[in-house]
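> Position chain B relative to chain A; hints supplied.
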Amino acid sequence: MRKYGAFEVENSSYEMHLKKLSENELSNSSTDIDNGIITKNGKAIGVKVGNEMVVGFPTPSRKQEFFSQTMNEWKWPEYTIPTYIKSHVHPEKIDQSKGEFPLLPTFRLPVLIHSRSGNAKWLAEIANRNPIWIHTSDAANLGLKTGDMVRMTTEIGYFVDKIWVTESIKPGIVACSHHIGRWRRQQDEGNRWATQTVAIENQGDGKWKMKKLKGIRPFKSADKDSSRIFWSDGGVHQNITHAVHPDPISGMHCWHQKVKVEVAHPEDQYGDIFVDTNKSHEVYKEWLKMTRPAPGPNGLRRPLWFARALRPDDEAFYIK
Amino acid sequence: MGHQPTFIEKIAEKVGLIPTLRADESPLPSLTEPGKLQGFPPPEKWDDWEEYEATGWARKEKKKYSIVPTTCFNCESACGLLAYIDKTTGAVRKFEGNPYHPASRGRNCAKGPATINQITDPERILYPLKRTGERGEGKWERVSWDNVLDDIAGKIRKALQEKRHNEVAYHVGRPGHEGYMDRVLKSWGIDGHNSHTNVCSSGARFGYNLWHGYDRPSPDHANADFILLISAHLESGHYFNPHAQRIIEGMMAGAKLAVMDPRLSNTASMANYWMPSYPGSEAAVLLAMAKILIDENLYNRDFVENWVNWKEYLEHDHPGTSLTFENFITKLKEVYTEYTPEFAENESGVKAEMIINVSREIGKAGSRFATHNWRAAGSGNLGGWAVARCLHFLNVLTGSVGTVGGTSPSAWNKFKPNFFDNPPAQKFWNELHFPKEYPLAFFEMSFLLPHFLKEGRGKLDVYFTRVFNPVWTYPDGFSWIEALTDKSKIGMHIALTPTWNETAYYADYVLPMGHASERHDINSYETHSGVWIAFRQPVLREAARRNGKPFTFTYEVNPGEVWEEDEFWIELSWRIDPDGSLGIRDHFKSPYRKEEKITVDEYYQFILNILKA
Chain A
1 MRKYGAFEVE NSSYEMHLKK LSENELSNSS TDIDNGIITK NGKAIGVKVG
51 NEMVVGFPTP SRKQEFFSQT MNEWKWPEYT IPTYIKSHVH PEKIDQSKGE
101 FPLLPTFRLP VLIHSRSGNA KWLAEIANRN PIWIHTSDAA NLGLKTGDMV
151 RMTTEIGYFV DKIWVTESIK PGIVACSHHI GRWRRQQDEG NRWATQTVAI
201 ENQGDGKWKM KKLKGIRPFK SADKDSSRIF WSDGGVHQNI THAVHPDPIS
251 GMHCWHQKVK VEVAHPEDQY GDIFVDTNKS HEVYKEWLKM TRPAPGPNGL
301 RRPLWFARAL RPDDEAFYIK
Chain B
1 MGHQPTFIEK IAEKVGLIPT LRADESPLPS LTEPGKLQGF PPPEKWDDWE
51 EYEATGWARK EKKKYSIVPT TCFNCESACG LLAYIDKTTG AVRKFEGNPY
101 HPASRGRNCA KGPATINQIT DPERILYPLK RTGERGEGKW ERVSWDNVLD
151 DIAGKIRKAL QEKRHNEVAY HVGRPGHEGY MDRVLKSWGI DGHNSHTNVC
201 SSGARFGYNL WHGYDRPSPD HANADFILLI SAHLESGHYF NPHAQRIIEG
251 MMAGAKLAVM DPRLSNTASM ANYWMPSYPG SEAAVLLAMA KILIDENLYN
301 RDFVENWVNW KEYLEHDHPG TSLTFENFIT KLKEVYTEYT PEFAENESGV
351 KAEMIINVSR EIGKAGSRFA THNWRAAGSG NLGGWAVARC LHFLNVLTGS
401 VGTVGGTSPS AWNKFKPNFF DNPPAQKFWN ELHFPKEYPL AFFEMSFLLP
451 HFLKEGRGKL DVYFTRVFNP VWTYPDGFSW IEALTDKSKI GMHIALTPTW
501 NETAYYADYV LPMGHASERH DINSYETHSG VWIAFRQPVL REAARRNGKP
551 FTFTYEVNPG EVWEEDEFWI ELSWRIDPDG SLGIRDHFKS PYRKEEKITV
601 DEYYQFILNI LKA
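Heads up: the protein sequence lines correspond to chains A and B, in order.
For the first sequence, counting from 1, position 5 maps to 5 in our numbering; every step adds exactly one.
For the second sequence, counting from 1, position 362 maps to 362 in our numbering; every step adds exactly one.
It should be emphasised that the hints constitute simulated quantities derived from the structure, not laboratory data.
Certain hints may be false.
Away from chain B, derived, C-beta distances all over 10 Å, residues of chain A [unchecked claim]:
1) N41
2) T146
3) K211
Computed, partial: chain A to chain B, Cβ under 10 Å [to be verified]:
4) K3
5) L18
6) S22
7) I33
8) S61
9) R62
10) I81
11) P105
12) W255
13) F306
14) D313
Even glycine gets a Cβ: it sits at the ideal position worked out from N, Cα and C.
Just chain A, with the same shape it has in the complex (with noise of 0.2 Å):
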């Protein structure tokens, strides 16, 4: 392992549902006549089909569950079968007289990473920019070019940004790309192939402004190549503007933004942001509102069955 680093354990696998289980494995097992789950010491552990006793799937049913009890149970009845869900960016929810458009904030570029590849210069040097995405007829009726400034207003707060006028993205919808608008303040080390300079100001009362002060700029140092930065723009930040969006059910933060964008305010400047966190932690009291807290059937928590990250003692699982 430590000579070649990596080595194939099987070379396919393939229907293990259909695995056969062993007649140790069988032994004191009970066998439901109706549904053909295999009980053994209280706990499923395959199911019959046909004539075989296979393992099946890790479900209450062993099968692949088109109808999930567990939502009902844990009182979501009506999302019991596949369904649709319009989402919190749904036309009905988007005012496009008022300027108002879902952004799509999540799309990466291939060569960066999250924000830990901001010290690796050949990446940075590649990637450096994320102006808004805007298809050529919302661009027209915005009257905008490439280039021009746009203020982004998020439910908490704006950034201001740059567009790009494309073909490449749906009309009516605009994007961002993730990675980039990383940032230090002028006390921080660290990252500056990738960090432009910023101000930070605490005005109180929960208001937060950001300024740029300097774009990216060639530095001295141990490696001659950070004298050669030519790139200087450094993009803007734009997850710090976005709410919490925390979806009732499968807890995932919902990233899409819906955002009025407008021509940038006369006193405006590149990488401008203001955030109110007292207006975020509102729009989280309003999401929560959307939950069905536990507990479920029994007192439970959480469903016995699904996995849990670093899993406690199945009697935590239980309120007490």
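Just chain B, lined up with the frame of chain A:
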């Protein structure tokens, strides 16, 4: 015949812009046998590899290298890397692909070779740092690893002794740490794991989990006839490099590709069908496809009849209906009546005709239908988890679950190591991670932590962040700054990180941990049908071992005092429990030397020995 210089070259030579070539017209002697072009150095020569210096080719300067394999850390795929260590200077010169890695097969994306930038970055953090001014003020002093370990261990010990278990937490961005931390946290007895997954993939995971208890897809792209991606896996995301290779292999063998994405990604630009769906409408399109498969009898009756819990559905939603498969199909047709291609077009903007065509292609592909959703729509929208659920519905209908060219559950293609010791599961439940409001949340509600602290739901006495930068990466970063600068909410913040980041600015300790080639790990991921295992190793440590150079800890061979997490956690755990009374030390004793503290070599020796057996 040698190269005939052009006029421009002659001038350039004359003024010394480029070396004069004509002085010696004989070509460079080949370092390999004539007629044998090699993609990679053969393994028998890895200990003693010789090649021409790229910047000294005209001088015919050769360099000798020791080549040590490791794995990349610039996403989760863990593609193979070969580190070229200069035998004269002992420094890593470059990284190339490892042809013996079963997933990446010697091919890497730009982020792999760029590892060399990260380890040679002139501004990297080389020593442990402790805050001197106020938290967030940006003033630091260098401290010793010994002092760091004693200070933190003392704080954790106190919390555990006072039964404040829920005030100690480890919050991880990129793990790249197979099972390791679960073992450490369980040995401390705390419910202290927090992760980034709920800003990442837990939407799709939830949808997959509801179907079959596995939370991620492992598409067999190379053998598929039709591939449907709700992702951009020809260009980005975890496993994109191994996936992209196999998507293209599948397409070269005749597979067709459809991509649902409102943006013309590089992936969509390569597709046979680009379906630019309105964000959040994807599930509507997928259900319209399901309806076509059902209505046009394009589903796999054998699989659906045997492997779907349709009887349970009829019993619950249609009591009184006799439990026949025909009745199930009838009810399916009824319940999805409204999902016509026209309805889907109205929701999504994707043309009904394209939806019909793609559906029929899917029906034709049958069990050779590979699909993928990881983040994208699944992580963008309220109810985004329904996207993965509706996508997998198509795999179920076509009977392409776990088949050749179909889509397997992730766990079938992932190896799980056995550890030398397994501490018991903790008895605590930390509601800062899994609050009652989100009983089904697939992972910790990590991005709400500042709001939970603001509401007074708890506090954190010792808070580790590791390769984790919520101030920048998460939504609502200013709420994170507010939480991190409030010592009444977070007593001590320790940032374990290979690089400076916006969150580390607000730490009490900034502890430099190794990049890809500076630490250990076991890797195995569901990149294709098959199971593989790779070993990430600190390459300078391995080179030192080969050279017989003495060392105890990895920070002695890494640049500066850059350490690795594995040894850090062993040492820290040992010091939390100096007299063994907390029972923690028992979980860090060598399996080979009685009562002695385990070493990281022994830790991996145990895993790899079992594997050999």
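> Evaluate each hint against the coordinates.
Okay, the hints, checked on the actual structure:
1. N41: holds (18 Å)
2. T146: T146/A is indeed farther than 10 Å from all Cβ atoms of chain B, at 16 Å.
3. K211: holds (14 Å)
4. K3: holds (7 Å)
5. L18: Constraint on L18/A satisfied, holds at 8 Å.
6. S22: violated (19 Å)
7. I33: Given a least distance of 12 Å, the restraint on I33/A is violated.
8. S61: holds (4 Å)
9. R62: holds (9 Å)
10. I81: OK, holds: I81/A within 10 Å of chain B, min 7 Å.
11. P105: holds (9 Å)
12. W255: holds (5 Å)
13. F306: Holds: closest Cβ of chain B sits about 7 Å from F306/A, inside 10 Å.
14. D313: Holds - the Cβ of D313/A comes within 10 Å of chain B, reaching about 4 Å at its closest.
In terms of the numbered hints stated before, the structure departs from hints 6 and 7, listed from lowest to highest.
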